[in-house]
Amino acid sequence: MTAQSPSISIINGRLIDPANSIDEVTDIHISQGKVLAIGEKPSGFEAEQMIDARDKVVCPGLVDLSARLREPGLEFKATIGSETRAAAKAGITTMICPPDTDPVIDTPAVMELIRSKAKQSAFARVLCTAAISKKLEGKELSEMAELAEAGCVGVSNAYKPLGNTLIERRALEYASTFGIKVFLKAEDRHLRNQGCVHEGIIASRLGLPGFPEAAETVAVARDIALAESTGATLHFQRISTAKSVRKINRARHDGILLSMDVAAHQLHLTEMDADGFNTACHVDPPLRTLRDREVLRQAVANGDIQAICSDHQPHEPDAKEHPFPDSEPGISALETLLPLTLKLVQEKVMSLPEALHRLTAGPADIAGLPYGRLDAASSADICIFDPEAHWILNEDNLLSQGKNSPFINWEFTGQVTHTLFEGRITYQLDEST
Amino acid sequence: MMKGNRQTNSKGQLKHFLSIDGLKRDLLVEILNNAESFTSLARQGRSVKKVPLLRGKTITNLFFESSTRTRTTFELAAKRLSADVLNLNISTSATSKGESLLDTLHNLEAMHCDMFVVRHASSGAAHFIAKHCAPHISVINAGDGSHSHPTQAMLDMLTIRQHKGDFTPLRVAIVGDILHSRVARSQVLALNTLGVSEVRVIAPRTLLPFDARALGVHVYHDLIEGISDVDVVIMLRLQKERMSGALLPTEAEYFKLYGLTEEKLKHAKEDVIVMHPGPINRGVEMDSAVADGKHSVILEQVSNGIAVRMAIMSMCLGTHQDADMEDTV
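Chains A and B supply the protein sequences, listed in that same order.
Residue 1 is where the first sequence starts when you use the working numbering, and the numbers rise one by one after that.
Residue 1001 is where the second sequence starts when you use the working numbering, and the numbers rise one by one after that.
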């Protein structure tokens, strides 16, 4: 790595490092894949390469808590190679892959496979949460201690509710024995039933099976109770309802160790966007009401929600070419993570440093990772973007293998111009076009 | 109105018939008028019931969900319009979900069909097919999931108009499983578009959709209260699986609370008509005495079904029945 990473100075940029409360126009110097210094050039340091970031923002590379790369098992949808390239274009340098690959990430061997593929591609860091139960079946515990030793950032149920409360309790107890963080998608599968859109006016009108709010809040309440009794550290992934936010906040106030994230699309779309059987907006958990969206936005702004994730799910075109209930849920979302978050700044929901915190130190802290920050000697993972550049998302400029985005033809302000991963430039915008 | 509605062409003429949603009152009235002329044709007792409006056209009944009654009336309607009819019953379980849908579609297009009549278990399937099929093909929705069954709603409207004339003063009550009923959803839209004074739905909360009032109805949980002074009572069919899904305890309790009897019917207007999309579960949705009684118009609904489907098919294929009605085959 160090052999190919030249020394670089990024100069004149607005450097925002939320972890260290830095927001000023200054320079950053990189050597041997690490941050060497911020501000004055250290004596004796001569950069082999200069990046002039005048009028641009320089921030830590983004950390995405939930990105499906589809490998192994679903390479017809996407590969680690294709998606890490897309991540580099999106300014993302660390991705956490949920365990619902095929085979499931429930052994160190599968983790090793993913790691070696990511190393080959070398465009971004790919970490994973391991399955909380063998094959994600919710019957037997996975070898969590061994998986943690092999480097998983925690254990997770991915999209599959554990189902059995006793198994869940034991999984939390076992995980907490070894200080392993548990990442849960809160869902009661019985209440969800066949639900594919929010149980609201669109479901009523279109006769689509409703996914009630209670399918999430009941699970949140149960998981909080189990976290309290077991002392496990829980992270709620992709919270979608206002009531879940309130429940989690109340429990945190009571001293239970909890955190939560939200998918970027939940902060912009609502159930109304699925009208007309729009399968591009078939997501899981479903898009909720305008009120839910406003509460989620407020929670992101005030820091109750510490991380915004992409919930990236690239699909082959056929996956969405079905009647709505039969289509596959998910959005190809890496490349809209930063643009949608910047939109919140443009809409005055929060400041730019706060927004960048939710994409860098926020998620990194949840995952217990030393990334998403520009401390001296930390990995030189850096995103540089032009906050004023206008561009329109289309299928041709979407680099991910999955073209399934409801944001096609949206106009965005703010575009990544450079991404550095471990001190190497992994993406550079062709500014001539 | 639903986004992405694509049923009418630039001149406002019917191209597909997927849902009542977004269709204008004039168009619904035109369907009823055309259907009326087809019924009078039949009533004149002509020995030959066929008209040559769709001669040379091929209509494919594409049924992914089994149905004898609806398919048969579509088939009869098509044949009376002199179209060639192809019946395809495709079991969804036999093929991997949906994947066959686009494939099947493209295969049929290659056979130069002019119209697909589609029934499918997933809401939105007919819209999906209309969006993906070749531009010369018309699609008629014969029922998609819990979403829409617009031809059934229109035959009900025809039956109501034949008995009541004007829609505007009418109070209509729909009783039963509104939550899962594509028929009810279409009826509510059609009744409100045609301007009735009130639509009521009557059901326990387990059989009502979220915020049912937003659909444009008044909600009742008590049958007698709900049918008081109404002009039309529409009973919905109760599927057996509602008991296993814990939506209802037993058929007996359902009948006790929501089953229509002659005694209860006295609370409605004296000239009330009673409708049911069929097939009836006697002793569950209603007493035999009501089903066969003087207020029942259930058999008229069945015969109107053919006329309404003839009207919609001919309108979608751009050949209105007034073109040349005298031509016999």
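One or more of the hints may lead you astray.
As the list claims (entries may be wrong) - Restricting the straight-line Cα-Cα distance to at most 25 Å, the calculated cross-link-like pairs of lysine-lysine (BS3-like) are:
#	chain 1	residue 1	chain 2	residue 2
1	A	K119	A	K34
2	B	K1264	B	K1164
3	B	K1079	B	K1050
4	B	K1164	A	K403
5	B	K1266	B	K1294
6	B	K1049	A	K320
Just so you know, these hints were derived from the structure itself, not from any lab.
B/K1079 and B/K1050 were given as a pair; does the straight-line alpha-carbon distance stay at or below 25 Å? Satisfied, since the Cα-Cα distance of roughly 7 Å is no more than 25 Å.
CA of B/K1266 to CA of B/K1294, is that 25 Å or under? 12 Å, holds
Does B/K1264 pair with B/K1164 here, judged by a C-alpha cut-off of 25 Å? 21 Å, holds
Proposed proximity, A/K320 with B/K1049 (alpha carbon, max 25 Å): Given pair B/K1049, A/K320 is violated - Cα atoms ~44 Å apart, limit 25 Å.
Straight-line Cα separation of A/K119 and A/K34 no greater than 25 Å? Holds. A/K119 to A/K34 sits at ~18 Å (cutoff 25 Å).
Within a Cα-Cα threshold of 25 Å, do B/K1164 and A/K403 meet the stated pairing? Distance ~53 Å between B/K1164 and A/K403 Cα, so the pair is violated.
Going through the hint list in order, the structure does not satisfy hints 4 and 6.
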